[in-house]
Amino acid sequence: MKPDLQMARDDARPNPTVLLMGNPNSGKTSLFNALTGSRQRVGNYPGVTVEKREGHWIHQGRIVTVRDLPGTYSLSSYSPEEAVASEELLAGDHDAVVVVADATVLRRSLMFLLQVMRLDKPVVFCLNMADEARRAGQQVDKVELARLLGVPVVETAAHRGEGVAELKAAVAAAPTRRALPPAPEIRELIAGLPAVEPVRDDVDASTRRLQAFGRAADLLMERTVLAAPREDHRRLSQRIDRVVAHKVWGMPIFLAVMYAVFWLTFTLGEAPMGWIEAGVARLGDGVTALWPGSPESPLLSLLVDGIIAGVGGVLVFLPNIVLLFLGLSILEDTGYMARAAYIMDRVLSRVGLHGKSFLPLVTGFGCSIPGIMATRTIENERDRLATILVLPLMSCGARLPIWLLIIPALFPPAWRTPALWGVYLAGIVLAMGLSLLLRGTLLKGEPTPFMLELPPYRMPTLRSLVMRMWDRSRQYLRKAGTVILAISVVLWVLTTFPRPDAYEVDAELAAGAAYTAEQAAGIRAAEDLEASVVGRLGRWLEPAFRPLGFDWRLVTASLGAFAAKEVFVSQMSIVYALGEDGDPGELGARLGNHYSSRVGVSMILFLLVGTPCMATVAVTRRETGGWTWALLQFGGLTVLAYLLAWLAYAAGGWLS
Amino acid sequence: MLTPALEDYLETVFRLVARHGAARVRDIAAARNVKPGSVSPAMKRLDKLGLIRYERGEYVGLTDSGLAAARKVYSRHQVLHRFLGEFLGLPADVAEQDACSMEHSLSPQTVDAIVRFLEYMEVCPEASDDIARFRKCSAVHPDVDPCPHDCGIVPLTIERTPIMSIAQMQPGQRGRVRQIGGRGAVRQRLLDMGLLPDVTLLMERKAPTGDPVWIKLQGFEMALRRSEAELVSVETA
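If you're matching them up, the sequences are chains A and B in order.
Counting with the working numbering, you get residues 1 to 656 for the letters of the first sequence.
Counting with the working numbering, you get residues 1001 to 1237 for the letters of the second sequence.
By construction, these hints were calculated from the structure, which means they are not laboratory data.
Don't take every hint at face value.
Claimed, not checked - Here are the simulated EDC-like pairs of lysine to aspartate or glutamate, each with C-alpha atoms no more than 16 Å apart in a straight line:
#, chain 1, residue 1, chain 2, residue 2
1, A, K247, B, D1211
2, A, K444, A, E381
3, B, K1216, A, D232
4, B, K1048, B, D1064
5, B, K1072, B, E1058
6, A, K121, A, E87
7, A, K247, B, E1204
8, B, K1206, A, E453
9, A, K168, A, E185
10, A, K142, A, D120
11, B, K1072, B, E1055
12, B, K1216, B, E1204
13, A, K52, A, E87
14, A, K52, A, E88
15, B, K1216, A, E453
16, B, K1216, A, E381
17, A, K142, A, E155
18, B, K1072, B, D1130
These figures come from a predicted structure and were not determined experimentally.
Sequences and hints are given; from them, build the entire structure.
Okay, structure coming up:
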């Protein structure tokens, strides 16, 4: 102990900053949420891209800022998370550290705490999940533990808000509290041990160091554990695991669970989608009815056909996004995801990926961007690169609207759920094949460790589910409000100008052709499009895409998909709704009339595999530190997509 | 089941009751060198287990079963203390300290065996010669006169337990970690997760083809690949 810490710290800042540290699965994030409520923001650490969460609360007129560090098992720096956590701890500008522990895994938590304590910062020890420990029959003498450690000990059950007020008070007081040294018997055991393992390969020294921390933890437990957890306190979890982690049944159960999630996304989303569709249509009608100027005004067209139809076409899929993330969050919060990684690792390691690749890949089902960012938990650079490169093959949430548009339009009802499931499965299978190829060629090397904690099953709390869903929906809506809005306007311009000098349909009408006014307007709209910039580009590229069964409209919309995958839908909606009332429900029927299921398959494959969106390219560039991998990913996937779509279309031709 | 902390409390109560007829919370705290606030949860726990009873004021006494349990704990301590001190001839403070830590971890069978051994040493007339010879033996005390017998090199007949890697364990089998191999990140992570020498673990299940494996240790469960499981050697019962 440094002498200046022995004294009361009168120089403590009025608005202190504290760090939240702990093992993964210690409930750190729910504690962070309980402490800060909505007063938080999420950013990134400079240089590395480990997520940085910061929030604050007011304690007796003082603003206490809290920084949530990534979960780690030690302060060594083998992974980016550990590096960030130990760097922040060693050099960070903070006044106290809260070490969060899963009270049911006391020994390992104490070992971690003792390592942090070696750094002589004011520490508060938070025994989280105290309710679970109590149910397991464990009783710890907090007072004695605090005396032996020389740091305040608070019991919390963050997901129920239990003990949070007490923790807030302890944290606020920590920087000014008179720091006490640990009891002599503990101090003796850990004296001279470095908090951080020096980087060297002295095998015995590192074992001895951790064994010493282990002995200190044993002594602490010997003195303070009044009742040990019952031997069978995980009985329920173990019973569930006997089924879901079963040698034979584990894999089919996992696939069935995924199927169920997608099925619910599809069915439950239907009704709210109808409401949003109707709302968007009514808004378009309302604006047209109230428009003070001419109904032919290009400004009205921009507003109704460009902005309202474009953004509305994206908004429609919000219920699906919310439902999909609800499903994935439940799987994650209950602890099933860890089992899924256990079940999947055998398969993933065979194709050169890592069980840890599983979570980023699953996140990729939501959006490739957070998925790619989540690969930071993978220590080995080659494993990580392989995961990043194949990640866009996971059918992201933005592509879901495309499937939801194409599948019902081009496939018979009985085939819809299997088709959607098949799309996701095709992405997974392709990702595996591709990563195997990568690990055999560009990314040769040893596989990395797979060590994964399997926490007991827990009931997810409504609060955390709602927070996560809100987070995802907000990201999606923000994209709809900014990028998509801008692109809708640009695309409207590109699809509207230049205008044709004269309409052929007018000439035909003059020659006595029998079109209704409605049909004439539709043809006029088509002619408008053909004459526009996008129409010209699509036509120009059409020959190259003919082997895939694409017409110029599909080429045009696929070009738009580079900007953001869901733009495909809004562009199709503009392409087909121009001259219409802007009714998005019409779109499916129109596609059904225009394209066969054979084109549907080719279209799905091209959009699934090809042209990762510009945001993905940008994030890959940032995460891999250069353009090489980003461009390789973009080019490679697009070529692959072209070949696959071509093969599928050709095969469809031979079969029929 | 009594935890080590509770056993110590029970022993303290027993000593105080033996000396003063009853134990005060304040005295228990002083004897155990803890704050009085720590004593009451422990006493509540012991009360719940039916081992102590509250008497007038802050005095506690032992129930019949508490007395029996405390005697057992106390005599175990005494036995170990005498074994280490009188028989093995270790200094008093070392004997006291080691007796304290051994009493919680030894199985009842081992304590029984040591008791029988001590009884033999005290009761059997020939044993005193044995113990004198043992103390004189140069293998233990290198500075005494050479022994008349020529034993040659003493084979240390410590019973061998089968040693294998975690990957070779069968589901349901228990093991005790001996060594952790590997290097760099893999080794560090194994150690950080708590796979340290002397830790006991249980093989919970294995995925088909034995990769990955699912183990239980120290209150939590984890999965590791066969390639990592092969790095950790364990002795199995």
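(request) Would you mind confirming whether the straight-line C-alpha gap from A/K142 to A/D120 stays at or under 16 Å? (result) 21 Å, violated
(request) Could you grab the alpha-carbon distance between A/K52 and A/E88 and see if it respects the 16 Å cut-off? (result) Measuring from Cα to Cα gives roughly 11 Å; hence the hint holds.
(message) Hint check: B/K1216 vs A/E381, CA-CA at most 16 Å. Holds or violated?
(response) Violated, at roughly 29 Å.
(message) Given the hinted pair A/K247 and B/E1204, is their Cα-Cα distance within 16 Å?
(response) 12 Å, holds
(request) Starting from A/K52, check that the Cα of A/E87 is at most 16 Å away, please. (result) 13 Å, holds
(request) For the pair supplied as a hint, B/K1216 and A/D232, confirm whether the alpha-carbon distance does not exceed 16 Å. (result) Holds, at about 12 Å.
(request) Assess, step by step, whether the Cα of B/K1072 is no farther than 16 Å from the Cα of B/D1130, and give holds or violated. (result) Violated - the C-alpha atoms of B/D1130 and B/K1072 are around 29 Å apart, more than 16 Å.
(request) For the pair we were handed, B/K1072 and B/E1055, check the Cα-Cα distance against 16 Å. (result) Cα-Cα ~23 Å, so violated.
(message) Check the hint pairing B/K1048 with B/D1064 against an upper bound of 16 Å on the C-alpha distance.
(response) 14 Å, holds
(message) Next pair to validate is B/K1206 with A/E453; report whether the Cα-Cα distance is within 16 Å.
(response) Given that 16 Å is the threshold and the Cα spacing comes to 15 Å, the pair holds.
(message) What's the verdict on A/K142 and A/E155, does the C-alpha distance respect the 16 Å limit or exceed it?
(response) Within the cut-off at roughly 8 Å; holds.
(message) Run the distance test for A/K444 versus A/E381: straight-line Cα separation, threshold 16 Å.
(response) 11 Å, holds
Hints 5, 9, 10, 11, 16 and 18 from the earlier list are contradicted by this structure; the remaining hints agree with it.
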